[in-house]
Amino acid sequence: FTSYNGDTSFAKTNVPSDVFEGTWSCKMTLQDTFPTGESISVNPFNLPSERISYMELNYKSEIPFIIKLQITQFGAVSTIDLIGVNATTNWNKIYLNLGSYGASFQNSSFKTIFQAGLPGGMSSGSVWIDNYKIIHFKQ
Numbered sequence: 089f090t091s092y093n094g095d096t097s098f099a100k101t102n103v104p105s106d107v108f109e110g111t112w113s114c115k116m117t118l119q120d121t122f123p124t125g126e127s128i129s130v131n132p133f134n135l136p137s138e139r140i141s142y143m144e145l146n147y148k149s150e151i152p153f154i155i156k157l158q159i160t161q162f163g164a165v166s167t168i169d170l171i172g173v174n175a176t177t178n179w180n181k182i183y184l185n186l187g188s189y190g191a192s193f194q195n196s197s198f199k200t201i202f203q204a205g206l207p208g209g210m211s212s213g214s215v216w217i218d219n220y221k222i223i224h225f226k227q
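Each residue of the sequence shown is one higher than the one before, starting from 89 at the first, in this note's numbering.
Simulated from the structure, these hints should not be mistaken for lab results.
One should not assume that every hint holds.
[Said to hold, decoys possible] Computed list of lysine-lysine pairs in BS3-like fashion (alpha-carbon distance at most 27 Å, straight line):
no., residue 1, residue 2
1, K181, K156
2, K199, K226
3, K199, K181
4, K100, K199
5, K226, K100
6, K148, K181
7, K115, K156
8, K115, K226
9, K199, K221
10, K221, K115
11, K148, K100
12, K181, K221
13, K148, K221
14, K148, K199
15, K115, K100
16, K156, K199
17, K148, K115
18, K115, K199
19, K100, K156
20, K181, K226
21, K181, K115
22, K221, K156
Model the full assembly from the supplied sequences, consistent with the hints where possible.
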């Protein structure tokens with residue numbers, strides 16, 4: 089992931105308490121001086137219309153965040169919100185069904201965006217993402 093908009097973005101971390109599984113995860117920390125963050129996946133991916141596709145990831149968060157999908161079709165770029173995620177201190181797994189986007193936006197490329205903003209009354213907060221992947225199954 090790389091910086092997209094906002095004041096900060098995800099950074100790689102290998103601190104054991106920041107990692108769900110394996111050696112590394114991504115962490116975005118917002119503070120009073122950097123109250124917004126948005127990161128986008130570096131490599132675009134395709135969503136085959138003839139397959140069932142999901143985004144799978146583990147996450148925990150001290151602040152709410154939004155997962156978005158950036159769609160590039162015939163040179164035009166649009167962004168849609170997939171889901172808003174509430175803060176949780178425990179690691180959770182989420183599967184987001186992306187199949188309808190592959191069928192609706194054929195011949196398109198996609199990227200994932202994670203967006204967070206520091207809620208009022210908080211001086212800092214973090215979002216952690218681990219095991220992010222796009223998976224496809226035959227129908």
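Hint check results:
1. K181 with K156: Between K181 and K156 the Cα gap is close to 17 Å, so the pair holds against 27 Å.
2. K199 with K226: holds (22 Å)
3. K199 with K181: Since the Cα atoms of K199 and K181 sit roughly 20 Å apart, the hinted pair holds (cutoff 27 Å).
4. K100 with K199: Holds - the C-alpha atoms of K199 and K100 are around 19 Å apart, at most 27 Å.
5. K226 with K100: At roughly 33 Å apart (the allowed maximum being 27 Å), K100 and K226 break the hint.
6. K148 with K181: The hint holds at about 9 Å.
7. K115 with K156: holds (17 Å)
8. K115 with K226: Given pair K115, K226 is violated - Cα atoms ~33 Å apart, limit 27 Å.
9. K199 with K221: The hint holds at about 12 Å.
10. K221 with K115: holds (16 Å)
11. K148 with K100: Satisfied, since the Cα-Cα distance of roughly 15 Å is no more than 27 Å.
12. K181 with K221: holds (12 Å)
13. K148 with K221: Distance ~16 Å between K148 and K221 Cα, so the pair holds.
14. K148 with K199: Between K148 and K199 the Cα gap is close to 21 Å, so the pair holds against 27 Å.
15. K115 with K100: Satisfied, since the Cα-Cα distance of roughly 6 Å is no more than 27 Å.
16. K156 with K199: It holds: about 8 Å lies between the C-alpha atoms, which stays within 27 Å.
17. K148 with K115: holds (10 Å)
18. K115 with K199: holds (18 Å)
19. K100 with K156: Holds, at about 20 Å.
20. K181 with K226: The given pair, whose Cα atoms are some 22 Å apart, holds under the 27 Å limit.
21. K181 with K115: Roughly 16 Å separates the two Cα atoms, so the pair holds.
22. K221 with K156: holds (14 Å)
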